[in-house]
Amino acid sequence: MFNIGTRKNEKKVSDANREAFAELYEQFMPKVYRYVTFRIRDEHMAQDLTAAVFEKAFAKFDGFNPQKASFSTWIFTIARNTVIDHYRVYRKHEDVVSDVEAKATAQYPSPEEEAIRAENTRKLRQFVSQLNKREQEAIVLKYSNGMSNREIAQILNLTESNVGSILCRTIRKLRKSFLEWQNE
Amino acid sequence: MNKKQQKDKQLLENIDKAAAGEKLPDESGLDKDTRAALELSREMSSWPKSPSKEFKAQLKADLTHRVVEQQKQDLSKRGDPEYRNFLRRPAWQFTIAGFGALIIAAIIFLIVYLVNR
Numbered sequence: 001m002f003n004i005g006t007r008k009n010e011k012k013v014s015d016a017n018r019e020a021f022a023e024l025y026e027q028f029m030p031k032v033y034r035y036v037t038f039r040i041r042d043e044h045m046a047q048d049l050t051a052a053v054f055e056k057a058f059a060k061f062d063g064f065n066p067q068k069a070s071f072s073t074w075i076f077t078i079a080r081n082t083v084i085d086h087y088r089v090y091r092k093h094e095d096v097v098s099d100v101e102a103k104a105t106a107q108y109p110s111p112e113e114e115a116i117r118a119e120n121t122r123k124l125r126q127f128v129s130q131l132n133k134r135e136q137e138a139i140v141l142k143y144s145n146g147m148s149n150r151e152i153a154q155i156l157n158l159t160e161s162n163v164g165s166i167l168c169r170t171i172r173k174l175r176k177s178f179l180e181w182q183n184e
Numbered sequence: 185m186n187k188k189q190q191k192d193k194q195l196l197e198n199i200d201k202a203a204a205g206e207k208l209p210d211e212s213g214l215d216k217d218t219r220a221a222l223e224l225s226r227e228m229s230s231w232p233k234s235p236s237k238e239f240k241a242q243l244k245a246d247l248t249h250r251v252v253e254q255q256k257q258d259l260s261k262r263g264d265p266e267y268r269n270f271l272r273r274p275a276w277q278f279t280i281a282g283f284g285a286l287i288i289a290a291i292i293f294l295i296v297y298l299v300n301r
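As you go down the protein sequences, you meet chains B and Y in turn. According to the numbering used here, the first sequence is numbered sequentially starting from 1. According to the numbering used here, the second sequence is numbered sequentially starting from 185.
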């Protein structure tokens with residue numbers, strides 16, 4: 001569909017690619033942004049990284065082969081690598097989103113409840129950031145966009161049942177860590 | 185299916201619902217651990233943010249600008265494809281060949297005329 005061009009109709013195919021990309025942008029940009037904001041604390045940085053994801057995707061789009069992978073798998077692989085590169089550069093492994101906490105706590109009436117909620121969120125984020133890479137990815141993909149286990153499996157190159165096991169195990173692990181921290 | 189597998193299946197189904205923002209069924213039938221796990225699921229589902237309309241539009245405009253720039257670069261590298269295609273049209277090529285033949289015939293005629301004069 002996307003890459004069928006001969007030299008003669010190169011321009012025509014390229015234009016078709018651009019139109020296809022524009023449609024996919026509308027569909028996937030919010031999803032990619034949600035994925036990035038799950039992992040990056042700073043909103044402006046999350047915007048920059050989302051922009052970087054789509055710039056890379058646009059630059060490589062002529063090489064995208066839908067026979068090999070779905071666009072979802074392809075774009076989330078780029079997003080994942082972009083976030084990994086970001087952490088590699090900044091060497092930040094803890095991604096606590098302070099202003100998400102602020103917004104999330106706004107519904108709590110008393111300052112005390114707000115403070116407890118913010119602290120719980122901060123701690124839970126810390127526990128998530130301490131998970132191994134595979135567990136983190138499964139959690140982020142599941143909770144940032146409500147992806148099915150099959151979609152996550154395609155992106156992480158795992159089997160669907162593997163993803164299910166990882167999610168169950170990870171949720172229980174988080175629950176255990178959280179409970180231990182609360183009982184300290 | 186053993187008890188642990190059943191619990192895992194139930195947990196996964198409820199995780200999917202929580203992650204998709206769906207309302208969960210009556211939780212009183214769930215065991216304590218599953219309820220607690222779902223509490224964390226709901227919390228994590230609230231973390232990601234949707235992009236603002238401004239950011240979405242701005243990024244789209246930036247990418248569109250990039251497309252236009254790329255098209256300009258392509259044109260300057262390869263020449264105007266419309267112009268190249270025009271030159272390749274058979275009617276145009278036939279006209280040029282006809283004019284060429286006419287000029288050559290005129291020159292020959294002129295030479296023959298001058299020689300015989």
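Keep in mind that the hints were calculated from the coordinates and are not lab data. Please note that a few of the clues may not be correct.
[Claimed, not checked] Derived Cβ-Cβ restraints for the label pairs, each shown as a range: (1) B:Asp48 - Y:Asp258: 50 to 60 Å; (2) Y:Lys187 - B:Gly63: 18 to 28 Å; (3) Y:Lys193 - B:Ser70: 22 to 32 Å; (4) B:Ala115 - Y:Glu206: 23 to 33 Å; (5) Y:Pro274 - B:Ala20: 28 to 38 Å; (6) Y:Glu197 - B:Val89: 32 to 42 Å; (7) Y:Lys237 - B:Glu184: 26 to 36 Å; (8) Y:Asp258 - B:Tyr87: 31 to 41 Å; (9) Y:Thr279 - B:Asn157: 52 to 62 Å; (10) Y:Glu206 - B:Ala16: 30 to 40 Å; (11) Y:Gln194 - B:Asp48: 15 to 25 Å.
Treat the numbers as computed from the prediction; the structure is a model and nothing was measured. Ideal Cβ positions, reconstructed from N, Cα and C, are used throughout, including at glycine.
Evaluation of the provided hints:
{"no.": "1", "hint": "B:Asp48 - Y:Asp258: 50 to 60 Å", "result": "27 Å, violated"}
{"no.": "2", "hint": "Y:Lys187 - B:Gly63: 18 to 28 Å", "result": "49 Å, violated"}
{"no.": "3", "hint": "Y:Lys193 - B:Ser70: 22 to 32 Å", "result": "26 Å, holds"}
{"no.": "4", "hint": "B:Ala115 - Y:Glu206: 23 to 33 Å", "result": "30 Å, holds"}
{"no.": "5", "hint": "Y:Pro274 - B:Ala20: 28 to 38 Å", "result": "33 Å, holds"}
{"no.": "6", "hint": "Y:Glu197 - B:Val89: 32 to 42 Å", "result": "39 Å, holds"}
{"no.": "7", "hint": "Y:Lys237 - B:Glu184: 26 to 36 Å", "result": "43 Å, violated"}
{"no.": "8", "hint": "Y:Asp258 - B:Tyr87: 31 to 41 Å", "result": "35 Å, holds"}
{"no.": "9", "hint": "Y:Thr279 - B:Asn157: 52 to 62 Å", "result": "60 Å, holds"}
{"no.": "10", "hint": "Y:Glu206 - B:Ala16: 30 to 40 Å", "result": "37 Å, holds"}
{"no.": "11", "hint": "Y:Gln194 - B:Asp48: 15 to 25 Å", "result": "41 Å, violated"}
Checked against the numbered hints given earlier, the structure breaks hints 1, 2, 7, 11 and satisfies all the rest.
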